[in-house]
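**Q** Put the two chains together into one complex, using the hints given.
Same order as they appear, the protein sequences are chains D and P. Per the working numbering, the first sequence runs over residues 1 to 573. Per the working numbering, the second sequence runs over residues 574 to 752.
Mixed in with the good hints there might be a few duds.
As the list claims (entries may be wrong) - 20 Å max Cα-Cα, derived EDC-like pairs, lysine to aspartate or glutamate:
{"no.": "1", "chain 1": "D", "residue 1": "Lys34", "chain 2": "P", "residue 2": "Glu581"}
{"no.": "2", "chain 1": "P", "residue 1": "Lys702", "chain 2": "D", "residue 2": "Asp331"}
{"no.": "3", "chain 1": "D", "residue 1": "Lys468", "chain 2": "P", "residue 2": "Glu579"}
{"no.": "4", "chain 1": "D", "residue 1": "Lys518", "chain 2": "D", "residue 2": "Glu297"}
{"no.": "5", "chain 1": "D", "residue 1": "Lys36", "chain 2": "D", "residue 2": "Glu124"}
{"no.": "6", "chain 1": "D", "residue 1": "Lys319", "chain 2": "D", "residue 2": "Asp331"}
{"no.": "7", "chain 1": "D", "residue 1": "Lys169", "chain 2": "D", "residue 2": "Glu9"}
{"no.": "8", "chain 1": "D", "residue 1": "Lys86", "chain 2": "D", "residue 2": "Glu104"}
{"no.": "9", "chain 1": "D", "residue 1": "Lys41", "chain 2": "P", "residue 2": "Glu617"}
{"no.": "10", "chain 1": "P", "residue 1": "Lys732", "chain 2": "P", "residue 2": "Glu579"}
{"no.": "11", "chain 1": "D", "residue 1": "Lys553", "chain 2": "D", "residue 2": "Asp537"}
{"no.": "12", "chain 1": "D", "residue 1": "Lys34", "chain 2": "D", "residue 2": "Asp57"}
{"no.": "13", "chain 1": "D", "residue 1": "Lys169", "chain 2": "D", "residue 2": "Glu297"}
{"no.": "14", "chain 1": "P", "residue 1": "Lys732", "chain 2": "D", "residue 2": "Glu37"}
{"no.": "15", "chain 1": "D", "residue 1": "Lys38", "chain 2": "P", "residue 2": "Glu581"}
{"no.": "16", "chain 1": "P", "residue 1": "Lys702", "chain 2": "D", "residue 2": "Glu450"}
{"no.": "17", "chain 1": "D", "residue 1": "Lys36", "chain 2": "P", "residue 2": "Glu581"}
{"no.": "18", "chain 1": "P", "residue 1": "Lys702", "chain 2": "D", "residue 2": "Asp537"}
{"no.": "19", "chain 1": "P", "residue 1": "Lys702", "chain 2": "P", "residue 2": "Glu738"}
{"no.": "20", "chain 1": "P", "residue 1": "Lys732", "chain 2": "D", "residue 2": "Glu9"}
{"no.": "21", "chain 1": "D", "residue 1": "Lys36", "chain 2": "P", "residue 2": "Glu617"}
{"no.": "22", "chain 1": "P", "residue 1": "Lys702", "chain 2": "D", "residue 2": "Asp470"}
{"no.": "23", "chain 1": "D", "residue 1": "Lys343", "chain 2": "D", "residue 2": "Asp287"}
Stated by the list, open to error - Residues of chain D placed beyond 10 Å of chain P at every Cβ, according to the derived structure:
{"no.": "24", "residue": "Pro134"}
{"no.": "25", "residue": "Pro317"}
{"no.": "26", "residue": "His373"}
{"no.": "27", "residue": "Gln469"}
No wet-lab data here; the hints were simulated from the structure. Predicted, not measured: the structure shown is a model, and the values here were computed from it. Every residue gets a Cβ at the ideal spot worked out from N, C-alpha and C, and that includes glycine.
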Amino acid sequence: MSVSVPGLENAGCLMLFGYNPNASHPIVARRVVKAKEKGAKIIVADPRYIETARIADLYLPLNNGSNVAFLNTFANVIVNEGLHDKQFIDEHTVGFDEWWKTIESYTPDRTESITGISPRLMKEAARMYAHAQPSSVLCWGMGVTQQKQNVESIHTLAAIACITHQIAKPNSGLAPVRGQNNVQGSCDMGALPNVFPGYQKVTDAAHRQKFAEAWGVPTEKLSDHEGYKVSNVGHLIEEGRIRAFYNFGEDPLQTEPDTRKLAQQLAALEIFVCQDIFMTQTTAVADVVLPATSWGEHEGTFGACDRTFQRFDAALPPKGECRHDWEIIADLSTRMGHPITYKSTREIWDNELRALWPAAFGATYEKMAGLGHAQWPIPTLDHPGTPDLFLGGKFTTPDGKAHLIAHEYKLPTETPDTKYPLILCTVREVGHYSCRSMTGNCTTLSLLAEEPGFVHINALDAEARGIKQDDLVWVYSRRGKIITRAEVDDRINVGTVYMTYQWWIGKCNDLTIHAVDKRSATPEDKHSACQVELVDDQLWAEQHAHEIYMNLKARMTQESAPQQIAPHQRGDR
Amino acid sequence: MSRHIEIEPSRCIACGTCQAACSLGHRRAGLQAQPRLSLYQSREVVASLTCHHCAGAPCLRMCPVDAITRDLDECIRVDEKRCIGCKLCSLACPYGAIDFSGTPISGVAGIEYHTPTFVAAADPVLRWKIGVYSRAVKCDQCVSDPSGKPQCVTYCVTKALRLVETQQTPDVPTAEEGA
Numbered sequence: 001m002s003v004s005v006p007g008l009e010n011a012g013c014l015m016l017f018g019y020n021p022n023a024s025h026p027i028v029a030r031r032v033v034k035a036k037e038k039g040a041k042i043i044v045a046d047p048r049y050i051e052t053a054r055i056a057d058l059y060l061p062l063n064n065g066s067n068v069a070f071l072n073t074f075a076n077v078i079v080n081e082g083l084h085d086k087q088f089i090d091e092h093t094v095g096f097d098e099w100w101k102t103i104e105s106y107t108p109d110r111t112e113s114i115t116g117i118s119p120r121l122m123k124e125a126a127r128m129y130a131h132a133q134p135s136s137v138l139c140w141g142m143g144v145t146q147q148k149q150n151v152e153s154i155h156t157l158a159a160i161a162c163i164t165h166q167i168a169k170p171n172s173g174l175a176p177v178r179g180q181n182n183v184q185g186s187c188d189m190g191a192l193p194n195v196f197p198g199y200q201k202v203t204d205a206a207h208r209q210k211f212a213e214a215w216g217v218p219t220e221k222l223s224d225h226e227g228y229k230v231s232n233v234g235h236l237i238e239e240g241r242i243r244a245f246y247n248f249g250e251d252p253l254q255t256e257p258d259t260r261k262l263a264q265q266l267a268a269l270e271i272f273v274c275q276d277i278f279m280t281q282t283t284a285v286a287d288v289v290l291p292a293t294s295w296g297e298h299e300g301t302f303g304a305c306d307r308t309f310q311r312f313d314a315a316l317p318p319k320g321e322c323r324h325d326w327e328i329i330a331d332l333s334t335r336m337g338h339p340i341t342y343k344s345t346r347e348i349w350d351n352e353l354r355a356l357w358p359a360a361f362g363a364t365y366e367k368m369a370g371l372g373h374a375q376w377p378i379p380t381l382d383h384p385g386t387p388d389l390f391l392g393g394k395f396t397t398p399d400g401k402a403h404l405i406a407h408e409y410k411l412p413t414e415t416p417d418t419k420y421p422l423i424l425c426t427v428r429e430v431g432h433y434s435c436r437s438m439t440g441n442c443t444t445l446s447l448l449a450e451e452p453g454f455v456h457i458n459a460l461d462a463e464a465r466g467i468k469q470d471d472l473v474w475v476y477s478r479r480g481k482i483i484t485r486a487e488v489d490d491r492i493n494v495g496t497v498y499m500t501y502q503w504w505i506g507k508c509n510d511l512t513i514h515a516v517d518k519r520s521a522t523p524e525d526k527h528s529a530c531q532v533e534l535v536d537d538q539l540w541a542e543q544h545a546h547e548i549y550m551n552l553k554a555r556m557t558q559e560s561a562p563q564q565i566a567p568h569q570r571g572d573r
Numbered sequence: 574m575s576r577h578i579e580i581e582p583s584r585c586i587a588c589g590t591c592q593a594a595c596s597l598g599h600r601r602a603g604l605q606a607q608p609r610l611s612l613y614q615s616r617e618v619v620a621s622l623t624c625h626h627c628a629g630a631p632c633l634r635m636c637p638v639d640a641i642t643r644d645l646d647e648c649i650r651v652d653e654k655r656c657i658g659c660k661l662c663s664l665a666c667p668y669g670a671i672d673f674s675g676t677p678i679s680g681v682a683g684i685e686y687h688t689p690t691f692v693a694a695a696d697p698v699l700r701w702k703i704g705v706y707s708r709a710v711k712c713d714q715c716v717s718d719p720s721g722k723p724q725c726v727t728y729c730v731t732k733a734l735r736l737v738e739t740q741q742t743p744d745v746p747t748a749e750e751g752a
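Chain P with its partners taken away, still in its complex shape (with noise of 0.2 Å):
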């Protein structure tokens, strides 16, 4: 039994409502604000995109603290207290899925003073903060809140993210395909 977030492109009218909840549902559970959901535009398709909790999880064997773990819902969750930071398994993720982010040295509720130290048009593997401790961050599917559903689902204004049960672990890349 596995469960992961689907979207129908058709019905996708680009708002951002989902990652607007995203963060402010991690932000409300003490986790990093950024949003785990990126809005993905082309000229044909517009489609928020999240971690697929694929089979293979690359993103979990790479992982040199063990801050990565697959749980019992077959959900791969991120410890952002036990992350080192290291990158390593945004490298690994076939789907670009693993995004980081860290709390300014100014705390949570202070305003961000910070020196720009890298060029935003670099990949944001590249990207650091003078004093920042960034960890990785990725879709958890809500685990922690109290609702215990995926807060884009929740809120998606035209129902175009859903979330999906299935018997079996969804696509690849499994074990060996993915090495």
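For reference, chain D alone in the conformation it holds in the complex (with noise of 0.2 Å):
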């Protein structure tokens, strides 16, 4: 993000595109609430009346899946009606030009039929946004990145801010809300497989020179090519490309797209050790299960969307045979013959991020004491961090400047038609988390929301099916096919039915496409064909749910059943 959390408030107007925090991340909704009551416009484009639309000054109802006609459309209008700010395009940006030949034929009205905006509404947002004092914030979450043209959407939206000059100044700019508490913090760290921590790439060769002289290895034993993402770990089974997999903190066969051909495809594996907390459909199948402690019993840092690091402590002991992950990890490597002998997380925070990143030098222990926080970048000691990137229009770019991408408009992968007629699209929900690997073992949590799960849909097309709020129904799609229960929802789409991640056995993910961008590999989750149907006998599908509910958890007691043992009967470590 360009700007912090905090700073969201003190914005003139808060633009969010396909994201809904209120689910996502209710703490960022509190943010959009005071802002809004401190005087900030707040403008909404969902296909969905989410929470924050009910607040917003204007609620654009955009259709699914047609993005980048949307913002294509917003920096055309933007353009013809003047409320770009051409300085600053002259002094901080290129390629405005080159930009343009593609933007240029997006109109509100040719567009229409496609986004489903209006152009009159187009433009009362565009200048809504545009003409904000003193700052404006396009935020963003996976309405953007989990879509065909997410890349396209992004550099669109990069874009927008940069010919409106707002971003570059305080409380502006872009903020892509990352999913969850750690995933930035995970990125910085280098849990990516194309960069070093601190985002150094590993196609340099001066990078790679530097790690290889902090680790004490040969230059030469670190990889000088991008490795795999776990998206595509699937297909590369199948393609006998990866023959042993060690998966930690995630648990595939619930969040992948197209689940029950992942199940398959992780079954061909030679090698399959899975690292977590509880027992998962993942860890279930895995030929060893590392556990590992919870985040109320070990200690160290997480890294915020905005760039904030703040360092947390253990409540309790690690429980049984559990171990922290960077024991495990560390045990692991010096039992392969790299020897790690790192004795608190606080020295690998100063030895593998503080002394190879420069840019987070300052975050010490010390300054992340209690409550406090250190934002990168920190470059040294006494620096205060930074709230807010690219002040003075630079750019962290070669020449300084932003460069403008534009890209033409192009369908998603799978369209509805008649034997599919609906689109499915993934959400969040605020009650359970990510996987529900952690949530679902909450007895209050599970009380709120249980099995076999929701499946929104327009009073319309329910009635169309002769479904009521509560019934039984079966979903399917080319992928596959599960029984969920109905949410007639008046705040969603005719034509679009939404389901969260969560569910076992309303599990959206064995419906779900695989289909994958080729940059990022991230999936296209947000727009799937299917079809709904009301179960006949809905007793029998009450029972029906319940006993295929049962049976799963049942196969998991017994998978962790072999962790079940007194502390004394346990081997050496």
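**A** As structure tokens, this is what we get:
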């Protein structure tokens, strides 16, 4: 994010594009409410009338899968209405003329049939966004990234911020609010297939040399090419290019698209190792399970989406055979021939991150003690941290300027037809988190929402199928068929149904298409075709859903049984 | 003097923290864990709703075993031990603020292996489970909590919920209208 999360409160306009903070980040949603109370204008562009749409000044109900067409039109209107900042474009960007050649044809009259947004509404939103004082922020989430044209949308979002000069000043710019609490932190630490800690590319010989020296290994031992991305693992197993898979802190059989196919692919592995805190559907099929500690049992740092590092402490000692993730990794590395002898997370932080990444050098454990934090770039010990990026129009490109890039709109991979007439879009809900391996083990949260989960369906679509609230329904696609409960929802659009990731029985990822973007490998989770049908015998359906859930729970209990041993019976580690 | 819980819908973000806090607070007090607030969501409004502790209190007059009482603080409470689960109060309540819940035969800490006996789409009043003694569950303004404050108000993330104390008991129906 070019802006800090608290900074959102001080913006003059927040435009939420494919982002539902109330479900994915309630704490950010609270900031949006506060911004509104401070006088900020709120624009929501989303196919669903999300919670924030209720308090928004403008709501733009765009069609599913029309992001690039919408954004190109939004940019077109900005230029045609003269809302752009010519001076900023001349001084701080390159490629405007080339960019405009693509954008020029996306007039609101021409694209209305694709986006569903009237020219009048589009113009009103563009004016509100471009004119807002002191700043506007474009916030987006998975509604942008889990689409076929994800990278394309982000290029255009960035271009919109640049041409209007709603970036490069305090509390402005771009806010891709990331999913998990530490997803940014993991990327910062180099948990990506193409970079070392601090986004230092593995393809750069100077970076390889620097890390080889720090780790005391010959430079040629470090890989000089990008590795595989997790969403491609299944297909790579099929092609015989991956034979061993070490998976930790993920439940791909719940969260990856087309899970039935993935399950077959994982079965072909020669060795499958899983590291997790609970037994999940994925760990249940692993050859080896390494039990790790939960957030309450270890200490360390989190890296938030706005580049803020925070420290946290352990509340409890590890239980049973559980060990800290870093201990397991260090032990494995030592046994595989490269000794890692760290004694604490602080040593790792100082040696692996601060010493090797200049932008984080000032983020000391002392600075983050208690409720303290450090926001990178923070290059020196006395640096206050950087809430806002690109101030004064200094961008991190080689020439210091923003490069404007435009793309033509393309249709999603799978579109509805007569057999599968509904669009299936995967979303988040507030009650359960991600794959539910954690929140599903919390009694209170299970009480509020339980299996077999829900499919949100518009009242008109429900009525056409004879479906009432809470009825059990079949949902099926080209990939699979599942049973779940209908939630008749007047906040969603006709023709699309919405399901959340986490249900084991009403598992939407048995239905989703596996189509990944070539550059980011992000799957197109927001657009598959499906059909919904009422189950004729509702009482049978209740019993059936319950039975398959109980069978799954029993299987997982059995899989985790070997762990239920008294401490004194445990062998040496 | 009476108190009731009020909501400011423009501040509510539908996060459900009120329900989780309600459930946890009552479970800790040894009462049913069923949350006593429901989250109402329409296109225009979102609000968590609970008992109004109204003046008329038709629930109180319906109860055949006097399990429902109006306490000195004007709060309407159910004695979950005395309740026989007849559901008359729920039928009488004009706000739909009374729900039913019971402890399964496997016990408080046990894993529930029940066989569904009802269709979930049916009205909550029509639901039943084999071997479960279900009883009326409603807002008691967390009288048993050491803080003496309703947990939903304490934990509301955006301060959308608040406790209002008034000299008059709020809203109708009165005894005559509600009868």
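**Q** Compare the structure with each hint and give your call.
**A** Here's how the hints hold up against the structure:
1. Lys34(D) x Glu581(P): 14 Å, holds
2. Lys702(P) x Asp331(D): Status violated; Cα separation ~51 Å.
3. Lys468(D) x Glu579(P): Distance ~31 Å between Lys468(D) and Glu579(P) Cα, so the pair is violated.
4. Lys518(D) x Glu297(D): Distance ~38 Å between Lys518(D) and Glu297(D) Cα, so the pair is violated.
5. Lys36(D) x Glu124(D): Holds - the C-alpha atoms of Glu124(D) and Lys36(D) are around 18 Å apart, at most 20 Å.
6. Lys319(D) x Asp331(D): Distance of about 19 Å is within 20 Å: holds.
7. Lys169(D) x Glu9(D): 15 Å, holds
8. Lys86(D) x Glu104(D): 16 Å, holds
9. Lys41(D) x Glu617(P): 18 Å, holds
10. Lys732(P) x Glu579(P): 11 Å, holds
11. Lys553(D) x Asp537(D): Distance ~24 Å between Lys553(D) and Asp537(D) Cα, so the pair is violated.
12. Lys34(D) x Asp57(D): 14 Å, holds
13. Lys169(D) x Glu297(D): Status violated; Cα separation ~40 Å.
14. Lys732(P) x Glu37(D): 13 Å, holds
15. Lys38(D) x Glu581(P): Measuring from Cα to Cα gives roughly 17 Å; hence the hint holds.
16. Lys702(P) x Glu450(D): 16 Å, holds
17. Lys36(D) x Glu581(P): 14 Å, holds
18. Lys702(P) x Asp537(D): The given pair, whose Cα atoms are some 19 Å apart, holds under the 20 Å limit.
19. Lys702(P) x Glu738(P): Violated - the C-alpha atoms of Glu738(P) and Lys702(P) are around 39 Å apart, more than 20 Å.
20. Lys732(P) x Glu9(D): It holds: about 17 Å lies between the C-alpha atoms, which stays within 20 Å.
21. Lys36(D) x Glu617(P): Holds: Lys36(D) and Glu617(P) sit about 17 Å apart, inside 20 Å.
22. Lys702(P) x Asp470(D): 17 Å, holds
23. Lys343(D) x Asp287(D): 29 Å, violated
24. Pro134: With a cut-off of 10 Å, Pro134(D) remains clear of chain P, as the shortest Cβ separation is near 24 Å.
25. Pro317: 23 Å, holds
26. His373: 20 Å, holds
27. Gln469: 6 Å, violated
Of the numbered hints listed earlier, those contradicted by the structure are 2, 3, 4, 11, 13, 19, 23, 27.
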